[in-house]
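> Each chain, letter by letter, is given below.
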Amino acid sequence: MVRKTQQVETRLVAEYLKERYGNFPHIAKQPLGLVSEELLKTEGYEKGLRMQRPNRPEVDAVVIHPKWLIIIEAKVWHIVDGAAKLPFYKSLVPFTPELKQYKNLPILMELVVPWTNPNLEIMCRDNGIRLQLYHPDWINEVVTRVTEYGTRDYRLAREEKLRNRELLGLD
Amino acid sequence: MVLQNYVILQDNKPTRLHFTDHAIERRVITDAKTLKPVPRQTLVLHVDRLDGRAVEASLSTMAKGLADQFEPYLADKSYRNYEVLITQRGDEFQRRWTVMFIPLAGR
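Which chain is which? The protein sequence lines are A and B, in order.
When we follow numbering that gives the first Met the number 0, the leftmost residue of the first sequence carries the number 0, and every step to the right adds one.
When we follow numbering that gives the first Met the number 0, the leftmost residue of the second sequence carries the number 0, and every step to the right adds one.
Keep in mind that the hints were calculated from the coordinates and are not lab data.
One should not assume that every hint holds.
With a straight-line cut-off of 25 angstroms between C-alpha atoms, the simulated SDA-like cross-links for lysine to any residue are [said to hold, decoys possible]:
{"hint": "1", "chain 1": "A", "residue 1": "LYS17", "chain 2": "A", "residue 2": "TRP114"}
{"hint": "2", "chain 1": "A", "residue 1": "LYS46", "chain 2": "B", "residue 2": "ARG15"}
{"hint": "3", "chain 1": "B", "residue 1": "LYS63", "chain 2": "B", "residue 2": "ALA104"}
{"hint": "4", "chain 1": "A", "residue 1": "LYS17", "chain 2": "B", "residue 2": "GLU70"}
{"hint": "5", "chain 1": "B", "residue 1": "LYS63", "chain 2": "A", "residue 2": "ASN116"}
{"hint": "6", "chain 1": "A", "residue 1": "LYS17", "chain 2": "B", "residue 2": "PRO36"}
{"hint": "7", "chain 1": "A", "residue 1": "LYS89", "chain 2": "A", "residue 2": "LYS160"}
{"hint": "8", "chain 1": "A", "residue 1": "LYS102", "chain 2": "B", "residue 2": "LEU84"}
{"hint": "9", "chain 1": "A", "residue 1": "LYS160", "chain 2": "B", "residue 2": "PRO36"}
{"hint": "10", "chain 1": "A", "residue 1": "LYS160", "chain 2": "B", "residue 2": "THR29"}
A quick note: this is a predicted structure, and the numbers were derived from the prediction, not measured.
So here's chain A without its partners, still in its complex pose:
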């Protein structure tokens, strides 16, 4: 079943990391920013980290390249959001305890998208973000399915499928 917004960015990032940076250590879904030592002391390590989770945004990926620390956001649907987030995420990297051993590496920002447009390219250039086009074949299929989601034909087919499931007692 297709949802209005399908979670495809995890797969996109994983494939991109393997293809482009497979020879380097790479981390997916790295939380960024300070961890309050005081909270860890008062609440204990696990609860302290849990309580701070909402205040620690996650970057899609970090690559530990010999010359740079590369932070990566990948976007399929709202591509401008990815460009907007990266400079803020970059500012948190020096305060991230999990990445402190890489603090001497310069930070590169990379936005991975399946398609681009001239305005996005201007925004990325102006903010020092490297724009990387990555368009695996399966992206087209996902986009087609999501685009069809709101159409009458899709709605009718889905209703029929649900009716049949109910008739057959399937979940």
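Since the structure of chain A is provided, determine the placement of chain B on it from the hints.
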């Protein structure tokens, strides 16, 4: 050799693993809310090293969020070329995984 059949990830504790093989298994589980049996696809990864110790164990997941991170490495089993550091955080639908792939030297 440590006697351990299954790897259980603990919250906020990075677990270092090396995988040798995998399988996609169909399992029937009881849905926690409806209490009905439901079939689920499960990614089972075979582990031969856990936090530096030799083991013969497996890590299973039904979570798409974790399985998707392994997806590109499954077809050619190239996860064998990495040590993988997994940190699990959060509960139920809020559960997330930070996964670090560390290339093995001399692969």
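> A separate judgement is required for each hint: does it hold in the structure or not?
Right, here's what the structure says about each hint:
1. A:LYS17 with A:TRP114: It holds: about 20 angstroms lies between the C-alpha atoms, which stays within 25 angstroms.
2. A:LYS46 with B:ARG15: holds, 22 angstroms
3. B:LYS63 with B:ALA104: violated, 29 angstroms
4. A:LYS17 with B:GLU70: Between A:LYS17 and B:GLU70 the Cα gap is close to 10 angstroms, so the pair holds against 25 angstroms.
5. B:LYS63 with A:ASN116: Between B:LYS63 and A:ASN116 the Cα gap is close to 31 angstroms, so the pair fails against 25 angstroms, i.e. violated.
6. A:LYS17 with B:PRO36: Violated: A:LYS17 and B:PRO36 sit about 36 angstroms apart, past 25 angstroms.
7. A:LYS89 with A:LYS160: Answer violated: A:LYS89 to A:LYS160 is near 46 angstroms, above 25 angstroms.
8. A:LYS102 with B:LEU84: holds, 20 angstroms
9. A:LYS160 with B:PRO36: Given pair A:LYS160, B:PRO36 holds - Cα atoms ~21 angstroms apart, limit 25 angstroms.
10. A:LYS160 with B:THR29: holds, 23 angstroms
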